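Undergrad: Same order as they appear, the protein sequences are chains A and B. Using the numbering used here, read the first sequence as starting at 1 and increasing by one per residue. Using the numbering used here, read the second sequence as starting at 114 and increasing by one per residue.
Do not rely on the hints blindly, as some may be mistaken.
Between beta-carbon pairs, the in silico distance windows are [what the hints assert, rightly or not]:
#1 A:ASN45 / B:HIS195: 22 to 30 Å
#2 A:GLY42 / B:LEU319: 32 to 40 Å
#3 B:ALA131 / A:HIS67: 45 to 53 Å
#4 A:LEU44 / B:GLU153: 19 to 27 Å
#5 A:PRO92 / B:GLU164: 37 to 45 Å
#6 A:ARG81 / B:PHE302: 23 to 31 Å
#7 A:LEU107 / B:PHE302: 32 to 40 Å
#8 A:GLY74 / B:HIS137: 30 to 38 Å
#9 A:PRO92 / B:ILE291: 48 to 56 Å
#10 B:GLU128 / A:GLY74: 16 to 24 Å
#11 A:ALA103 / B:ALA311: 40 to 48 Å
#12 A:LEU104 / B:HIS195: 47 to 55 Å
#13 A:ALA23 / B:MET235: 32 to 40 Å
With a straight-line cut-off of 35 Å between C-alpha atoms, the simulated DSBU-like cross-links for lysine-lysine are [claimed, not checked]:
#14 B:LYS198 / A:LYS60
#15 B:LYS119 / B:LYS187
#16 A:LYS60 / A:LYS88
#17 B:LYS187 / B:LYS198
#18 A:LYS88 / B:LYS187
#19 A:LYS88 / B:LYS119
#20 B:LYS187 / A:LYS60
#21 A:LYS88 / B:LYS198
Now the stretches of chain B that chain A is said to cover, found in silico as 3 or more residues with beta-carbon under 8 Å [unchecked claim]:
#22 213-226
#23 248-261
Derived from the structure by calculation, the hints contain no laboratory data. All figures in this text were calculated on a predicted structure; none of them were measured in a lab. A virtual CB, placed ideally from N, CA and C, is assigned to each residue, including glycine.
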Amino acid sequence: MTKRIRSKISRGSGELAILSLLAEQPLYGFEIARQIGERTGGALNFTLASLYPLLYEMEKRGWVEGHWQANPAGRDRRYYRLTTAGRKQLAPLREQWRSFFQALDSLAGVSHA
Amino acid sequence: MPEPIKPDWMRLVRERLAGSRSCHQDVVAELAAHLEEVYEEARACRSSDTEAMRFALDQVDDWQVLAAEIARAKSEEDVMNHRTKALWFPGLVTFLGASMLLAWTQFAGFQPRLIWIGGMGMLFYWPWLAGLPVFGATGAYLSRRAQGPTQARLVAGLFPALIMAVVMCLILPWGLVIDGFSFFRLVHFGLGFMNWVALPGLALFLGTTPFLGKSNLPTA
Chain A
1 MTKRIRSKIS RGSGELAILS LLAEQPLYGF EIARQIGERT GGALNFTLAS
51 LYPLLYEMEK RGWVEGHWQA NPAGRDRRYY RLTTAGRKQL APLREQWRSF
101 FQALDSLAGV SHA
Chain B
114 MPEPIKPDWM RLVRERLAGS RSCHQDVVAE LAAHLEEVYE EARACRSSDT
164 EAMRFALDQV DDWQVLAAEI ARAKSEEDVM NHRTKALWFP GLVTFLGASM
214 LLAWTQFAGF QPRLIWIGGM GMLFYWPWLA GLPVFGATGA YLSRRAQGPT
264 QARLVAGLFP ALIMAVVMCL ILPWGLVIDG FSFFRLVHFG LGFMNWVALP
314 GLALFLGTTP FLGKSNLPTA
């Protein structure tokens, strides 16, 4: 798989992962990365370098909105919440990935037993 | 045992992003807070200061690459490009196509059909109206190909009718101011609106409709 294709797939899956998490509740960057790692059993891992360019890109597109919130225990945190546009984006994105995996499964039998 | 000196994450991030377009206060503060939490979590897992520090810094392989990616992510250029590709360009294609078809029908000698409504004549360019769905479809298709949302596809497909609607809405008040109000003028405006906005809009919409549904193009 070329680097370009791999990058596109990981970017697309990252968008879906972030939108799905933020659909549940607003979260800040570190927590987003931590929850994605935990909930995918470590299959998807976001470092600072992979997370923030994606978050800023999604913010620019109007899918998420960030706002600073005071944190009495330490540094202030920038929380991200899903916007209406982001919520609208989530359903078709899920559907596209479902179709993608179904197509891949019918071709290569990659679904788990 | 003395407390270990905490790293100054703000300074560390600022130094590494220095000189790049992504070195905004907000970005520096957010990245610094992230690194600090990674560090604190590693410390909580009984890592030594040095190990925790290394673990935090391992979050970024190349700060210059990160700076460039953040600058690109925050740049408005992509949004403009996307809007141009998904809306303005397809809209312009629809508009030019519809205009050229109208010019061609007139040049080729196709006569408009005159229909009388309440004592007022309306000119219908049937060949033009019949050809408009093709251009509505073209605009909506181009917008969908550029991954434009449904609204952008609709606007791109209906672009000529929307432009005419705007022009007519500007002409009416101006005409009323110059020539004075009259019922005749309003009816004439209504017929003109029907002729140049509503009917062409309907014809364009017919072509646009198949492209308004969700796209099967993968965005992965």
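Undergrad: Each hint needs a verdict: does it hold in this structure or not?
TA: Going down the list of hints, with the structure as the test:
no. : hint                            : in the structure
1   : A:ASN45 / B:HIS195: 22 to 30 Å  : holds (29 Å)
2   : A:GLY42 / B:LEU319: 32 to 40 Å  : violated (52 Å)
3   : B:ALA131 / A:HIS67: 45 to 53 Å  : violated (26 Å)
4   : A:LEU44 / B:GLU153: 19 to 27 Å  : holds (23 Å)
5   : A:PRO92 / B:GLU164: 37 to 45 Å  : holds (43 Å)
6   : A:ARG81 / B:PHE302: 23 to 31 Å  : violated (46 Å)
7   : A:LEU107 / B:PHE302: 32 to 40 Å : violated (59 Å)
8   : A:GLY74 / B:HIS137: 30 to 38 Å  : violated (21 Å)
9   : A:PRO92 / B:ILE291: 48 to 56 Å  : holds (49 Å)
10  : B:GLU128 / A:GLY74: 16 to 24 Å  : holds (21 Å)
11  : A:ALA103 / B:ALA311: 40 to 48 Å : holds (42 Å)
12  : A:LEU104 / B:HIS195: 47 to 55 Å : violated (27 Å)
13  : A:ALA23 / B:MET235: 32 to 40 Å  : violated (52 Å)
14  : B:LYS198 / A:LYS60              : holds (17 Å)
15  : B:LYS119 / B:LYS187             : holds (30 Å)
16  : A:LYS60 / A:LYS88               : holds (16 Å)
17  : B:LYS187 / B:LYS198             : holds (19 Å)
18  : A:LYS88 / B:LYS187              : holds (22 Å)
19  : A:LYS88 / B:LYS119              : violated (43 Å)
20  : B:LYS187 / A:LYS60              : holds (6 Å)
21  : A:LYS88 / B:LYS198              : holds (21 Å)
22  : 213-226                         : violated (count 0)
23  : 248-261                         : violated (count 0)
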